[in-house]
Amino acid sequence: MIIFSALVSGMSLGAMYGLIALGFHVTYIVSRTVNFSQGSSVMLGAVLGYVLVARYGWPIMVAAPAALLGCALLGLLIERVLVRPFVARQSNAWLMATVAGGLLLDNLVLFTFGKEPRGFPSWLDDKPFIIFGVGVTPLQIVIPLVGSVVAVALWLVLTRSRFGKALSASVQNSDAARLMGIDVGRLVAATYGLSSMLAGLAGLLIAPLYNVHAEMGTLFGIKAFAVAIIGGITHAPGVMVAGLIYGIGEALVTALLGSTYTQIVMFSAVIATLALVPRGLFAAAALKKV
Amino acid sequence: MLKIVITGCCQALLVLLALAMGPVHPLHAQETLKIGLVAALSGQSAKSGEAIIRGLSIALDEINAKGGVLGKKLELLTRDDESNPAKGLVAARELVQREKIAVLFGGLDTPVSLAIAPFVNQAKVPFMGVWAAGTGITRNGAAENYVFRVSAVDTLVDIALVDYAVKKYGAKTPGMILVNNAWGESNEAGLKAALVSKGMSAAGIEKFEANDVDVVPQLSRLKAAGADTLFLVGNVGPSAQVVKSLDRMGWNVPVVSHWGPAGGRFTELAGPSAEKVHFIQTYSFSGKLSQKGESVFTLLKAKYPEIKTTTDVTPAVGIANAYDALHLTALAITKAGSIEGTKIRQGFYDIDHYAGLIKTYAKPFTPDNHDALSAADYIFTYFKGAEILPLSN
Chain A
877 MIIFSALVSG
887 MSLGAMYGLI
897 ALGFHVTYIV
907 SRTVNFSQGS
917 SVMLGAVLGY
927 VLVARYGWPI
937 MVAAPAALLG
947 CALLGLLIER
957 VLVRPFVARQ
967 SNAWLMATVA
977 GGLLLDNLVL
987 FTFGKEPRGF
997 PSWLDDKPFI
1007 IFGVGVTPLQ
1017 IVIPLVGSVV
1027 AVALWLVLTR
1037 SRFGKALSAS
1047 VQNSDAARLM
1057 GIDVGRLVAA
1067 TYGLSSMLAG
1077 LAGLLIAPLY
1087 NVHAEMGTLF
1097 GIKAFAVAII
1107 GGITHAPGVM
1117 VAGLIYGIGE
1127 ALVTALLGST
1137 YTQIVMFSAV
1147 IATLALVPRG
1157 LFAAAALKKV
Chain B
159 MLKIVITGCC
169 QALLVLLALA
179 MGPVHPLHAQ
189 ETLKIGLVAA
199 LSGQSAKSGE
209 AIIRGLSIAL
219 DEINAKGGVL
229 GKKLELLTRD
239 DESNPAKGLV
249 AARELVQREK
259 IAVLFGGLDT
269 PVSLAIAPFV
279 NQAKVPFMGV
289 WAAGTGITRN
299 GAAENYVFRV
309 SAVDTLVDIA
319 LVDYAVKKYG
329 AKTPGMILVN
339 NAWGESNEAG
349 LKAALVSKGM
359 SAAGIEKFEA
369 NDVDVVPQLS
379 RLKAAGADTL
389 FLVGNVGPSA
399 QVVKSLDRMG
409 WNVPVVSHWG
419 PAGGRFTELA
429 GPSAEKVHFI
439 QTYSFSGKLS
449 QKGESVFTLL
459 KAKYPEIKTT
469 TDVTPAVGIA
479 NAYDALHLTA
489 LAITKAGSIE
499 GTKIRQGFYD
509 IDHYAGLIKT
519 YAKPFTPDNH
529 DALSAADYIF
539 TYFKGAEILP
549 LSN
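Protein sequence lines, in the order shown, are assigned to chains A and B. For the first sequence, the residue numbers in my numbering are 877 to 1166. For the second sequence, the residue numbers in my numbering are 159 to 551.
Treat the hints with caution; some may be incorrect.
[Claimed, not checked] Only pairs whose alpha carbons sit at most 25 Å apart, straight line, appear in this in silico BS3-like list of lysine-lysine:
| # | chain 1 | residue 1 | chain 2 | residue 2 |
| --- | --- | --- | --- | --- |
| 1 | A | K1003 | B | K542 |
| 2 | B | K325 | B | K350 |
| 3 | B | K501 | B | K521 |
| 4 | B | K542 | B | K446 |
| 5 | B | K434 | A | K1003 |
| 6 | B | K258 | B | K230 |
To be clear, the hints were calculated from the coordinates, so they are not data collected in a lab.
Bound conformation, chain A alone (with noise of 0.2 Å):
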């Protein structure tokens, strides 16, 4: 039971890194950058659909879409002033850039938005259903499936479809694929777009489990760049799969070992993985389809 109970916690907080990782994946595949603030989109998400619903009592399926699309637009903004200026003069302080605008976005919320924490209740969060003696809400099956559909058609776009193709162009060969009408520029801004409403989405579905505040998505940041690298950052469903691993094994090293031993645990096991793996779990096979 213990197992089974650690299995459900796992997969929910695992869908979620996962989701936060993918946006690592997305604008790395295409520009080799990614941006250190997701865990602040994270936020944003949340405390935007905190803002619409609670305080301005717009219903949800209204509030999420309108705080997702807040996201992206925070994902341009990224792109345009702490990535692009920086790529352009070849330098990497891109890295240091999206660090510090995510910094700078968690204390203007924490001065707009307030101090102190606040719930975000769901009814999918409200009553639990008893399976096998655990008790387990709608939220903590919606998560995990959200995320799995989220990477599977993140992959199918990114491998299948015209966007697709035009991404893995200016991947491979950017000066070719500006001659052939692909718009790079536009390209990678989408990227960071969808990056953010990645995480923002993760930070939307979190926030009835957790809190709404504005420093709530530092850590969750922080694990999902772990998961990206573990996962091998180039190949969507081996990020996902990776959030999950790394959800789940957060879940059963707490619940057999004890708190203890988690972060120990969890940390040594990443370690060990890129020093046999440095490529990441699942980045091989995607390295051989190219």
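Given chain A, put chain B in place with the hints provided.
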């Protein structure tokens, strides 16, 4: 000649200006007697900092209305520790060394107060804890201890928690779910000792991180170990995560808690099951108030328009502890007749009597006891909506 006169006049003017401005700083320094506060003013425990400031401000207004202390008005300087021990220590140093405060007040977080205690003992500046309950804060083993407290003490709270769980719920095999920091450790030791004194032992002891989303794995271990009651130690956000996790796993177990839930919007964060948690407090503004209680409540309403009923006076413990602590501090400084740390410390020992909000204090501090409140001053409470109501023990 004219040039010499003008130059001379200018020089004289400058000298006059310098003379006029020169005494401004020393005079300004003498105008007020500065006290400092290092507490969580942002983050998950921001509401605790707000409550402490309100309690201190009401007491400060009363003291200043009567002419202040040693002929000077009290001035409160506040710094945000963000619940971070390193930031708290930096803020404490700044207040002591640059602002030359006479007494430093502390906030909610035990790890922050534990970080500050060695510094104030070394600097010989009295530190007054008004919330953090870690036993080692006042009982810090220093040869010259400058740390005082008007608040609960973990080791005494833990005895009260165990007594309550046994009496109210007939607990035989309680489990502990404790936040993984110095406060959790302080209570782990206290709860173990309290259980041993009753011939009991814990079914299990589990720790959780303050930013854990899901505490189900830890709670599942406690359930499997046969815990019949839970002792909860954590600030408001983490405590809410425990309650939500209990709901999610459908485990309806009595929860007896330290006072963490009182630090914020517990019912909003934890949902309806928040009301099932019974937690300890040192004061409640609910029910029939004493004359002093009525007076403080009236002043709070006048100063903070958002306070309309006793429901709005939350967390009461922060307000009440801070209010009494500042009045006791003012008495100590008056007894000392100086703002020198060593003399103020002696001033605390010399206080004989003070009719406060929480109780009437008789000889509240001695060299062997730096805690003004005892187990007899604790009450058990619960949330009804946003209001904290007392329970009959």
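Each hint tested on the structure:
{"no.": "1", "hint": "K1003/A - K542/B", "result": "holds, 21 Å"}
{"no.": "2", "hint": "K325/B - K350/B", "result": "holds, 18 Å"}
{"no.": "3", "hint": "K501/B - K521/B", "result": "holds, 17 Å"}
{"no.": "4", "hint": "K542/B - K446/B", "result": "holds, 17 Å"}
{"no.": "5", "hint": "K434/B - K1003/A", "result": "holds, 17 Å"}
{"no.": "6", "hint": "K258/B - K230/B", "result": "holds, 15 Å"}
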